[in-house]
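With these hints in hand, go ahead and build the complete structure from the sequences.
For the record, the sequence lines run as chains A and B. Going by this note's numbering, the letters in the first sequence line up with residues 1 to 285, in that order. Going by this note's numbering, the letters in the second sequence line up with residues 1 to 285, in that order.
Since the hints were derived computationally from the structure, they do not count as laboratory data. For glycine and all other residues, C-beta sits at the position ideal for the given N, C-alpha and C.
Lysine to aspartate or glutamate pairs mimicking EDC-like chemistry, simulated, CA-CA at most 16 Å apart: (1) A:K23 <-> A:D155; (2) B:K128 <-> B:D155; (3) B:K128 <-> A:D93; (4) A:K14 <-> A:E84; (5) A:K128 <-> B:D93; (6) B:K14 <-> B:E51.
From chain A, some residues computed to sit far from chain B (all C-beta separations above 12 Å): (7) S28; (8) G61; (9) S106; (10) P152.
Which chain B residues face chain A? A few, computed with CB under 10 Å, are given here: (11) T134; (12) A142; (13) G143; (14) A164; (15) H204; (16) G241; (17) A252; (18) G254.
2 protein chains.
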Amino acid sequence: MHEPITSVTNPRVKQLVKLRNRKERDTSGVFLIEGFRELSRAVDADVAIREVYSCPDLFLGHNERQLVEQALAGGAESIELGVEAFRKVSYRDRPEGLIGLADQFSTTLDGISPSPNPLILVVESIEKPGNLGTMLRTADAAGADAVIVCEPTTDPFNPNVVRASLGCLFLVPLAIASTPETLDWLARNGIQAFAATPGARLPHWQADFRQPAAIAVGSEQYGLTENWLDRAGERIVIPMGGAVDSLNAAMAAGILLFEAVRQRSANTHETRNGGSGTQHRKPGT
Amino acid sequence: MHEPITSVTNPRVKQLVKLRNRKERDTSGVFLIEGFRELSRAVDADVAIREVYSCPDLFLGHNERQLVEQALAGGAESIELGVEAFRKVSYRDRPEGLIGLADQFSTTLDGISPSPNPLILVVESIEKPGNLGTMLRTADAAGADAVIVCEPTTDPFNPNVVRASLGCLFLVPLAIASTPETLDWLARNGIQAFAATPGARLPHWQADFRQPAAIAVGSEQYGLTENWLDRAGERIVIPMGGAVDSLNAAMAAGILLFEAVRQRSANTHETRNGGSGTQHRKPGT
Numbered sequence: 001m002h003e004p005i006t007s008v009t010n011p012r013v014k015q016l017v018k019l020r021n022r023k024e025r026d027t028s029g030v031f032l033i034e035g036f037r038e039l040s041r042a043v044d045a046d047v048a049i050r051e052v053y054s055c056p057d058l059f060l061g062h063n064e065r066q067l068v069e070q071a072l073a074g075g076a077e078s079i080e081l082g083v084e085a086f087r088k089v090s091y092r093d094r095p096e097g098l099i100g101l102a103d104q105f106s107t108t109l110d111g112i113s114p115s116p117n118p119l120i121l122v123v124e125s126i127e128k129p130g131n132l133g134t135m136l137r138t139a140d141a142a143g144a145d146a147v148i149v150c151e152p153t154t155d156p157f158n159p160n161v162v163r164a165s166l167g168c169l170f171l172v173p174l175a176i177a178s179t180p181e182t183l184d185w186l187a188r189n190g191i192q193a194f195a196a197t198p199g200a201r202l203p204h205w206q207a208d209f210r211q212p213a214a215i216a217v218g219s220e221q222y223g224l225t226e227n228w229l230d231r232a233g234e235r236i237v238i239p240m241g242g243a244v245d246s247l248n249a250a251m252a253a254g255i256l257l258f259e260a261v262r263q264r265s266a267n268t269h270e271t272r273n274g275g276s277g278t279q280h281r282k283p284g285t
Numbered sequence: 001m002h003e004p005i006t007s008v009t010n011p012r013v014k015q016l017v018k019l020r021n022r023k024e025r026d027t028s029g030v031f032l033i034e035g036f037r038e039l040s041r042a043v044d045a046d047v048a049i050r051e052v053y054s055c056p057d058l059f060l061g062h063n064e065r066q067l068v069e070q071a072l073a074g075g076a077e078s079i080e081l082g083v084e085a086f087r088k089v090s091y092r093d094r095p096e097g098l099i100g101l102a103d104q105f106s107t108t109l110d111g112i113s114p115s116p117n118p119l120i121l122v123v124e125s126i127e128k129p130g131n132l133g134t135m136l137r138t139a140d141a142a143g144a145d146a147v148i149v150c151e152p153t154t155d156p157f158n159p160n161v162v163r164a165s166l167g168c169l170f171l172v173p174l175a176i177a178s179t180p181e182t183l184d185w186l187a188r189n190g191i192q193a194f195a196a197t198p199g200a201r202l203p204h205w206q207a208d209f210r211q212p213a214a215i216a217v218g219s220e221q222y223g224l225t226e227n228w229l230d231r232a233g234e235r236i237v238i239p240m241g242g243a244v245d246s247l248n249a250a251m252a253a254g255i256l257l258f259e260a261v262r263q264r265s266a267n268t269h270e271t272r273n274g275g276s277g278t279q280h281r282k283p284g285t
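In structure tokens, the structure reads:
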């Protein structure tokens, strides 16, 4: 353990600040994990953490030192920062005194091992890191097998993705691929693709999500591309009754995923209505 | 129409900047509506707009001037700002050249006229303006009768509420009240209160949202208070299967509201499963 870094112009401090920039993340292959909860989840998920930057004066709880020790045991280097230097590096208004620098991990489709009856969220051309983070958190809560991001305009190692996901970025298997690659992968794995689009006629609750299912939502501004709509097996719509008729992309994903949770629970748990809450649309599936 | 204001130290410019501050909003009784879509919805909803600040050099579309004319016809004063002055006032990274200054409107329970079979969202102690805005947008999309905010720590006239709601703040009837007032009002109006809480045993899809229903969600950090849990008729839970087991408060609200939409649609529309997707839990309701 070295002396704490107190200078805001220290080269390490400058390098950490640069990692807010995507180009810097892309060329260096590393990214930042800020916050106790986020870093804990990364450590638990065996993310390769190279360096842990801590500022004990900013710690909020009592388990921070133990978490740093855990990261050290995993091979990380520990660097202490002074308050001013830490604030310079931090992405937050109220920093918690912990930032990890980690290797970006693989996000290929090969890395996903679907369960026997997978539920997958596909997101096409998502733009806002906060939305992608919320989707990862929600997909985890729904017990989804994986999130596949097609043609992203944000990278998953953006600090706002880490933050909005509350570290679920490290828990839910994540793949990034082109739309054709994704559609091919789904077909190869026998997974039915459902495309959520305002033009569809089938209300989402009439789709059968109890089969191996991938639910696809499009970008905030443009929705799903024709590439998806042309090849996805079934188009579905979330029926809306308001004046504005638009839902945030992450909200739409959550509503659809939890409709799948509802349908699937009727299969495995006793329910008061004896499972009549869902229906087999396709005999045999 | 006066000459454009170009100075960033102009008293009007300074006053607009101050309105980001809640105290200033509370004492002045006015608030800001930034953006074309948001201002359009406010004008359409007959919000009392006192002043419209525009910066034609920043306009993105072709309908801005018409919107300004509409606001003028409604009694607003029109003030043009130079680009620098507008940027000073704007709350956004990419300002669209339109900001309205409007009277805060009444948000009492008396102002809500529930429909014969109301669906209401209740939010207790919500902290983040962005979450409240998303909830208003989602409640509108679900066709909810109203949103009631109990014991809020954010005010609905916060610029981030206006923004995240996409202007749905002006579309969905909104009331602010204490928790006891709200519970009394619901009881008086024969509306069943459902409290979403992680400790409940009843999955949300087994609650009967087809009756007059109010769905309550708690704060981001603490959930619903005992005040709610003690008196709300039924406790419900969104069953989760992930490692983190937490949903963003706005996401939880959206999942619950759209479960109500699903159940209610089975009553009024022909569905492929003949309405078996829902069940009467309470005979006679």
